[in-house]
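S.K.: Listed below, chain by chain, are the residues.
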Amino acid sequence: MTDAADRLISGLVDDLQPIRPLPRLRSAFAIVLAVWTAVLGIVMWTQETALGARSLLGDPIYLASFAGLFVAALGGTLSALAAGQPGRERAETSGLIVALIGLVAAAAACLVGMGGVDFTANASPGGADAMCFQKGIFLSVLPAGVILSFLVRGWASHPFRAALVAAVAAGALGGAIVHLGCDVLGPRHLLMGHLSVPVVLGLLGLYPVGALLRRLRG
Amino acid sequence: MQAAQAGDADRYRELLTHIEPKIRSIVRRKIREEAAVDDVVQNVLLSIHRGRRTYRAERPFGPWMRAIVRNSIIDHFRDRKRKGDREVELIAEEWADEFSSSAEHDVTLAPELAAALAALPEGQREAVTLIQAEGLSVAEAALRTGISAGALKVRAHRGYRALRKALEGAREGGEWKSSVPPSAEASVSTSTPESGGTG
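Residue numbers (this note's numbering), protein chains in the order written: chain D, 73 to 290; chain X, 66 to 264.
Any given hint could be a false lead.
Computed far set for chain X versus chain D, every beta-carbon distance over 12 Å [to be verified]:
{"no.": "1", "residue": "GLY72"}
{"no.": "2", "residue": "GLU79"}
{"no.": "3", "residue": "ILE91"}
{"no.": "4", "residue": "VAL106"}
{"no.": "5", "residue": "ARG115"}
{"no.": "6", "residue": "ARG226"}
Part of the chain D face toward chain X, derived, beta carbon under 8 Å [claimed, not checked]:
{"no.": "7", "residue": "ALA77"}
{"no.": "8", "residue": "LEU80"}
{"no.": "9", "residue": "GLN157"}
{"no.": "10", "residue": "ARG162"}
{"no.": "11", "residue": "ALA163"}
{"no.": "12", "residue": "GLY199"}
{"no.": "13", "residue": "ALA200"}
{"no.": "14", "residue": "VAL224"}
{"no.": "15", "residue": "ASP255"}
{"no.": "16", "residue": "TYR279"}
FYI, nobody ran anything at the bench for these hints, they're computed from the structure.
As the structure is a computational prediction, the values presented were derived from the model and not from experiment.
Backbone N, C-alpha and C fix where the C-beta goes; we use that ideal spot for every residue, glycine too.
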């Protein structure tokens, strides 16, 4: 062993403090889902137009896009939580793939419903897209906070990838709640008002959260 | 590691001392330069320390440690490519010589160096002094300052550049023009280099 390594080990030992290990991956995942369910419950309870569940079975586009968003949320959450724990690369990669499949499937369902990429057709009334988008971002804050609280205490192998996945997962969780509580059912609206939430949040969160995780990791 | 998480310093030292050669042997398989191996090994030890919260007793220690080693090696190559590590090392070596010669020929160079050092922003001055004057490795200096090894390298690199510019300006202008602050004189007289580590 070199002198420098020996000195460093002494420094690390001096710096040692008792700590509590992070919870198991499945416990952390359950905590995020519990928070999401609580937020969903509050929204459904307080909102008058909570007809999502009613529409679910009636509209295949709505059903497919919700399923895609929810799968993206689950996969993204798993991937983000695993990203903060060394040695869990398999869970991280699988979650990431599942999240991507979910997002692509949801977008594809909306595009099929629209009959192509024509964003001028079937515009939603009264700025509904922007309203749902803002609501989605707002509802993503709490899940994002919970996911981040696990991530910042961990050691992310790929800080920027972890940040992207965490932001997309939180956005998908928020988007899914909006989806269930929205009464505008056009595929264009679902794409612009609901599915845009994880995408935009992912882009917005990528750099600041990635830089933070990188800094914390050292 | 469980004992370390509970704060048992002796067991922690035992663990780190035990795994250091294993880490070194993994790193050596991927990196040839001995100085870089030292740096990466120290970064791994630092990362294990910072990430010890993520270890769970019900999972094996080996894969957890190897994941950190693997990522530190990848980080090393990525950093090298991105920040032009070669340049940093060359400049650091050059400055190690400069520090040595300033110690040997204190009369001519020390005031210039002292003033240039004193003029650096706090973070850069600290990085340069810890690495060059105190002879700490990047990982040790990072631990001391509480910032990441990457951030410390960047600060040191900027510091070297600023020092070089200031010193070249002073040499071109003949004699050192500005007055040297007494604190700077003092800081140089105490900053005798022990070794010339790489930045």
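S.K.: Next, verify each hint and record whether it holds.
M.R.: Structure-based check of all given hints:
With a minimum CB-CB distance of about 3 Å to chain D, X/GLY72 fails to clear the 12 Å threshold, and the non-interface call is violated. Consistency note on X/GLU79: stated as away from chain D, yet its beta-carbon is not over 12 Å from all of that chain's, at 10 Å minimum. Remark: the non-interface label on X/ILE91 is consistent with the geometry, its nearest Cβ contact in chain D lying 14 Å away (cut-off 12 Å). Distance check for X/VAL106 against chain D: the nearest CB is about 6 Å away, which does not clear 12 Å, and the non-interface claim fails.
Listed as a non-interface residue, X/ARG115 fails to keep its Cβ farther than 12 Å from every Cβ of chain D; the least gap is roughly 5 Å. With 12 Å as the threshold on Cβ separation, the claim that X/ARG226 sits away from chain D holds: the shortest Cβ distance comes to roughly 22 Å. Taking 8 Å as the C-beta contact cut-off toward chain X, the hint placing D/ALA77 at the interface holds, the least distance being around 6 Å. With a cut of 8 Å, the hint placing D/LEU80 at the interface with chain X holds, because the nearest CB-to-CB distance is about 5 Å.
With a cut of 8 Å, the hint placing D/GLN157 at the interface with chain X holds, because the nearest CB-to-CB distance is about 5 Å. Here the hint on D/ARG162 is broken, as its CB sits about 10 Å from the closest CB of chain X, past 8 Å. The interface hint given for D/ALA163 is broken, as the beta carbon of that residue sits about 12 Å from the closest beta carbon of chain X, more than 8 Å. About 43 Å separates the beta-carbon of D/GLY199 from the nearest beta-carbon of chain X, more than 8 Å, and the hint is not met.
Violation of the interface hint for D/ALA200 is found here, the shortest Cβ-Cβ separation to chain X being roughly 43 Å, above the 8 Å cut-off. Because the closest C-beta pair between D/VAL224 and chain X is about 11 Å apart, greater than 8 Å, the hint is violated. With a cut of 8 Å, the hint placing D/ASP255 at the interface with chain X is violated, because the nearest CB-to-CB distance is about 43 Å. Interface hint at D/TYR279: violated, since its Cβ lies 16 Å from the closest Cβ of chain X, which is beyond the 8 Å cut-off.
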